[in-house]
Amino acid sequence: MDEVKTLKPEDAYSKWQYHIAGWIYSEFREKYIWASIISRHPRSLYTRCQRSVLAIGLVMTAMGFSMLFFKFDSGPADYTSFNFTLEDWWNGIKCILIAKLIFVVGFCFRMSKKTKSDELKKREKQRLEKLEKAEIKRKPKSRGVYVKHRMMMIMPAPNPKEPVAWKHRPPKKKKDKTSDKSAEEKVVAGQVRHLEKTDLAKKFWYLAWILSIIIISVSSIVIILLGIRFGKKKSLVWIATFVSGIVTDSLFFQPVKCIVFAILFSLILKRSNTDLTVMEIRYDDVAKEKSSNFDWNHCLKKMWHTRMTKPYHPALTSRILKVRALYGSRRAWYIVYYVVTLLLLLLLVILLIQALGINTSHQGLRQINSYFKEESDQVKSKAGMYKLFHYNVIPALNRVYWYNKKTPLPLEVSERKAVPDNPRFTSNVKGFTQDYTNKLVGVPRLRLLRLQKHKIKIAQTFQLIKREAYGHYFQYREDKASYLPEWTKPEEWYGDISQLWNYTSMKYTKTGYNYGKTGWVYSGAGYVVPLSWNLGHSWRTITRLELEKWTDNATRAVFFEANLYNNDIKLYTELRFIIEVLANGVYTSRLMSRATSLFFATNADAQEIIILSLIMAIVLLVYALFVTSQISKESCQHYFSDLRGYFDVFILFLGFMVILHFFLRALTFSLFLDTLETAPHDTYTSLFTPFKIDEETHVLFGLFALITAMALALLTYQALWPKNFYFVFSAIYGLLLVIIAVNVTMSYLIHYTSYSVDREPLQIFFLQTVLRDQIYTVRGDEANTRLFYVFIFPLIVVLTKFNAACVIFLHLWYSEQTYERATRNRKKHSEREKSKKRGAVRLKGSSSARAKLSEDIIILRIEKLRVSFVTVLL
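Each step along the sequence shown adds one to the number in full-length UniProt numbering, with nothing skipped, and position 625 is 625.
It is possible that some hints are incorrect.
[Said to hold, decoys possible] Below are the SDA-like pairs computed for lysine to any residue, each with C-alpha atoms no more than 25 angstroms apart in a straight line: (1) K203 / S217; (2) K549 / K439; (3) K439 / T675; (4) K453 / V529; (5) K257 / K387; (6) K692 / N404; (7) K489 / R544; (8) K549 / A583; (9) K234 / Q254; (10) K453 / F663; (11) K692 / N567; (12) K382 / K257; (13) K549 / S523; (14) K517 / Y391; (15) K510 / N404; (16) K387 / E412; (17) K380 / I569; (18) K234 / R544; (19) K570 / S217; (20) K439 / S532; (21) K380 / F474; (22) K234 / E833; (23) K489 / T461; (24) K257 / G512; (25) K480 / V441.
Don't read these hints as lab results, they were simulated from the structure. Being a predicted model, the structure only gives us computed values, none of them experimental.
Produce the complete structure using the sequences and hints provided.
The following block contains the structure:
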């Protein structure tokens, strides 16, 4: 046989990007423990079960370590401390020593496999020695010149037709010392022997499982006992700390470590993680001997008998079809599982919406806003702003008499000494708000933002009227200096330093950014002036600020902030008036308010949220196990080649984030209530932190519900899986986009025109179906709001459902037409075959014309539907 020339493969994998990508993929599969559970590395000696046990043991020991050395003396720290003491070093040494137990378990698993590898190497060595002895006995044959150029040569030994595949040795025969065939038969028979575990490997295997069970059990007991000792609050803080740490390490530090090491390996080694070997195999043709005694009939007979023996029992086709019809195929079961899981998640979403108490919060907000909306809209100047504060807002927050203005309202314990007939009665009693159900939490406050002086060119004609000019608001041009009353700069010999107006940053005001009515975004810092918890002192403070010219041409925003509490429905409300001072001197006002229930243990809705969150966690865990098994069966590349794989990942990620935020929300509310009990009552109490976590929870919850609904729609499409669905969908997909665009546009319009409640557009888009027409009050008459929510929004819902019905109808109609065409074609084909047999070919018409006519009819009907849809939308 002639020499076969080998060609060097294209050196595409020598590029550095292939090296880095290969090393990253290899590092993730080998070093990243969570990824290694799903996708096993070829060099890994551990099974999936062993890797899972190691990961669980690692997490349990980490939880035990964190509880043993967790300190919670004065609450969670705002800033991380990097001061290490001897006690910290000793705790680290103890953690290292205890963590070695997991490495011992891994070492035992490795030794159980390594012993088998040693045995395999020993047997491989014996096999090679036998081959060398057999090679020496053979006579050397002339190989030719090609031996110098070969890379590797394999001499295939003739495979004897003995029942080696049945894994038992051939019958013993008399050995011929000069026979090479007997030696080769020994080697072949020795290759199929089982590699049994030695006693040492079994001992390591049992020791590894015993240690892992002990570690997980002891860690669980320690966690439970320490959790009981910690109590509810400290346990909640520890869980939040541990979960945030383990998630950060798993999602950030571990992947970054794998990527960095992969890049270093690829740059240092300068080669791919896989070795590419090119081999040239030389073999000779075996000429068939004419005098061969090989009986082919006997071989065929033996093969036939092999198929008919007991080890081979193929199922009948009728039986397979009957079982599939009875139990369904694997794809059908997967679809059923997905449908049940997604419907269960949507049911939990609906129950959580009801448990969040959004309707109760809205009713409280609507009642409070009705007292301030009309007066807030009338603010157009500085005088109107002070009139709003002095005659409307402050009196509405401090009502001390009933409707008849004679009978005093119930007093608090510290106010029992106040006399209603005393002229100073309003200065000694807090009172209720205008609705006679809410009371102030802490004291209200005023906050002002002003600009620095900067040069703006003024025409000479107007310099006599105005010598200074200020532009629009810009955060980096905020004035942060300290001033005396009337905005005079303090000097050492002038003024009372105790009356300074000092600038306070957002860190100390504990307030975030706010949107004005004009769309400008204002920071939470500024010059803060606290008011009082009663009517008299707040009036005097407002009057003093007006006389001291607290607002001037440099002022750009004034905020009136107050917090309320309703004991009847356990509701906290944040009330904020944003008074914008535009560059042209015009004042405009926006009222913002938001409410939520901060009670954790005593509120039935909060307990319902906890129970539903636990149920959702169990469902998501089962769903995650199913997704993991699917990825391990199909491989990551095949699983994520479909859109369903990405939806599964999004659902799991957002679902666990929602559960985590529900937990953090409950923890934040609980800690805030503890802080509120010890907080002084004559200072402003910020509700920014609990409301922030509440807003984040709502946003993630809305995203989770949206992705779950989209995944269910995708699953419906995959269950139907029509061949020509793309044809129908491509004709009407524009209508779906138009309806979605209309809905989103209206949501954003509501967001930027509403000054009743400050909500994110995504929350508006998600909560529209729940809140209906009662959450927003837009510009103009209230009838416009009801017009949108009563007429326009249901119309959008009806159009969406009608559009989906058209898709289903067109799909079914088109499938029926396709089936009829196929039936007609099959009949024509059978008639044509019969005519050929009779010798006469008769054609009654072409089916392609009819098929073309059906498609034209479909397109025509879709065009008509499109025209009607656009007409209705316009």
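Checked hints:
no.: 1; hint: K203 / S217; result: 21 angstroms, holds
no.: 2; hint: K549 / K439; result: 30 angstroms, violated
no.: 3; hint: K439 / T675; result: 18 angstroms, holds
no.: 4; hint: K453 / V529; result: 22 angstroms, holds
no.: 5; hint: K257 / K387; result: 62 angstroms, violated
no.: 6; hint: K692 / N404; result: 40 angstroms, violated
no.: 7; hint: K489 / R544; result: 19 angstroms, holds
no.: 8; hint: K549 / A583; result: 18 angstroms, holds
no.: 9; hint: K234 / Q254; result: 28 angstroms, violated
no.: 10; hint: K453 / F663; result: 47 angstroms, violated
no.: 11; hint: K692 / N567; result: 22 angstroms, holds
no.: 12; hint: K382 / K257; result: 59 angstroms, violated
no.: 13; hint: K549 / S523; result: 22 angstroms, holds
no.: 14; hint: K517 / Y391; result: 23 angstroms, holds
no.: 15; hint: K510 / N404; result: 39 angstroms, violated
no.: 16; hint: K387 / E412; result: 29 angstroms, violated
no.: 17; hint: K380 / I569; result: 36 angstroms, violated
no.: 18; hint: K234 / R544; result: 46 angstroms, violated
no.: 19; hint: K570 / S217; result: 42 angstroms, violated
no.: 20; hint: K439 / S532; result: 13 angstroms, holds
no.: 21; hint: K380 / F474; result: 22 angstroms, holds
no.: 22; hint: K234 / E833; result: 85 angstroms, violated
no.: 23; hint: K489 / T461; result: 29 angstroms, violated
no.: 24; hint: K257 / G512; result: 35 angstroms, violated
no.: 25; hint: K480 / V441; result: 29 angstroms, violated
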